[in-house]
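Below, each chain spelled out in residue letters.
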Amino acid sequence: MAKEVSSKPKQKLHVFDIINYIVFIILGLCILVPIWKVLIDSLNRVGVYQFQLWPSQFTLDGYRTIIETTALYRPFINSFITTILGTLLGLVLSTLGGYVLVQFEMPGRNFLAYLLLFTMIFSGGMIPEYLVMRRLGLVNSMWILVVKHGMNVYNLVLMRNFFEGIPDSLYEAAKLDGCSPMGIFFKIVLPLSKAALASIGLMFAVTVWNDYSTVQIYITDPNQVNFQYKLRTMVMDGDTPTTSYNVSQTTLFNAGIIAAILPFMVLYPFLQKYFVTGVNIGAVKE
Amino acid sequence: MSKKKEVVTSGGIVVREKPLKLRIWNNRGYYIMFIPVLVFLIIIHYWPLLGIRYSFYDYYPGRQAPTFVGFEHFQNMFATAAFWTAFKNTLELSVIKLIITTVSSVVVSIFLNEMGNLLAKKTLQTIIYLPHFMSWAVVASIFSLFLSPSSTGLVNGMLKSWGIIDPAGQGIYFLASKDWWRPIFYIINIWKETGWGTIIFLATLSGINPELYEAADIDGATRLQKIRFVTVPALMNTIITVLILNLAKVMNMFESVFVLYNSNVYDVSDVVSTYIYRQSFAVARPNYGYSTAVGLFKSLVGCVLVLVCNWASKKTRGRGII
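So the sequence lines, in the order shown, correspond to chains R and L. Residues 207 to 492 in the working numbering are what the first sequence spells out, letter by letter. Residues 668 to 989 in the working numbering are what the second sequence spells out, letter by letter.
Chain R with its partners taken away, still in its complex shape (with noise of 0.2 Å):
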């Protein structure tokens, strides 16, 4: 009986199949060639519009000058201290605050909330934030990035949203034990926690490596900026690095682009399921 349910519409199935194959073929390649176009064309010695799939003049020059431009070691450098610190200075506010947000019973836990709330209702707009960085001395300096990103009030709701999720029981027992709230948040909440920590680390890591606007407003010096600013005005406004190579400007603009999103293209396909367990806190619990 079953099988006569199941072996009728499977002959419906197949053009339907091979229709989903080639949208799939599609979609793939729609996502694809700009990023291969970038990738072969920073292999390349010589500029083409041609779409390839393999360099037709193979080089590494493009990246030996790339790695060999001291003035890009500067805005690498920001980038990968100002990712790492944001990164730390964000899991902490977040999981503090998010941890304070479950204590129901504790007086004004309504009051925090509804502090953190109104802050994703209205906002000083960009002067007013912009004066107040100044008089913090944050204006051209890097760390605006780390102070900046670390307060995700969003971040901290999921990050609240995920501890809601422990068992009471849990936290009774330890109270029970004589625990202290700093001893269960180290002891027991964390440890619970490590795939919340690891996608929502992984966010805010995200957040401020490709973090561009900020530095386009708040920073003017050379030093200070991290490397998408520098990607895009070495790009977009032709500031091309010196070369002693025989390479186009082409092969050393895609061999930036390529720097650029190296670090997370590496490691994206080994933490790809924690960037997606990260929405699905968020959005799917109801």
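Any given hint could be a false lead.
[As the list claims (entries may be wrong)] Derived lysine-lysine pairs resembling BS3-like cross-links, with alpha carbons at most 25 Å apart:
hint	chain 1	residue 1	chain 2	residue 2
1	R	Lys381	R	Lys393
2	L	Lys688	R	Lys243
3	R	Lys479	L	Lys685
4	L	Lys685	R	Lys381
5	R	Lys381	L	Lys688
6	L	Lys916	L	Lys755
7	R	Lys243	L	Lys789
8	R	Lys479	L	Lys789
9	R	Lys400	R	Lys479
10	L	Lys788	L	Lys893
If you are wondering where the hints come from, they were derived from the structure by calculation, not from laboratory data. In this text the structure is predicted, and so the values were computed from the model without any measurement.
Model the placement of chain L on the given structure of chain R, informed by the hints.
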């Protein structure tokens, strides 16, 4: 004494609530843990609120002290054509972008859901999530090279070699053309965010009761009919949620436009945030008072949108977004 509230513990026992002072004292550890969050919250979000007063002042940085001008900036703002252009562009660009990226995410997630081959499905997911992790600076760089009218731009090169445009001509400056800028902007947004947008829909789809599909099979439904009558209705709630959540953020558009626009296409691309940026940092004699006023207007519109969306969310799915 009878005034004291009674509370039910998790064990189901009714006890008198402890006095407030004692409860605060008992929770002291938590208050201490919140202090770092509070410090950053004040620096990043609450202290700047004081600066809103400059909307009512003339404030030329580095010159004299701010002078009070009342509502002058708001009058100027509403009389400025460039401001209205930016305001209109913000709404148009973000709403259209939101609709088309949501539709494309829904369509792609339905196809992904129908894919029987798990390996193919996983591979495609890995590929389409990829652009989400590229910064706007990188995406803008990739596409400006891709669309470049120079001898190395793929699109112009192809059009020339196929004879669609004059091979000896200048080619099309896609990102500097008023006709092309918006379509290109939407395409780039689709390219970057469609894949990532499918995650939430796929989560919903994986939660559909398989019995619904089995029942449809027994009724002799074709694959398309099953999509039409089972899959799409199941997604409706999530689609509305995504639209509402993102509608609240339409005023925030900045980086994606900033990295792609240029002075040739301000008419079709300038949004409120980029307008504020230019008024503050890219004019000869910036008046921070004026840009603060525009920022305040933007925040207020954003605030209304969030509250409306929150109300809509409560109506449609029984819980707010905030």
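Tested hints:
no.: 1; hint: R/Lys381 / R/Lys393; result: 12 Å, holds
no.: 2; hint: L/Lys688 / R/Lys243; result: 66 Å, violated
no.: 3; hint: R/Lys479 / L/Lys685; result: 45 Å, violated
no.: 4; hint: L/Lys685 / R/Lys381; result: 17 Å, holds
no.: 5; hint: R/Lys381 / L/Lys688; result: 20 Å, holds
no.: 6; hint: L/Lys916 / L/Lys755; result: 15 Å, holds
no.: 7; hint: R/Lys243 / L/Lys789; result: 23 Å, holds
no.: 8; hint: R/Lys479 / L/Lys789; result: 11 Å, holds
no.: 9; hint: R/Lys400 / R/Lys479; result: 13 Å, holds
no.: 10; hint: L/Lys788 / L/Lys893; result: 20 Å, holds
Against the hints set out earlier in the document, violations occur for numbers 2 and 3.
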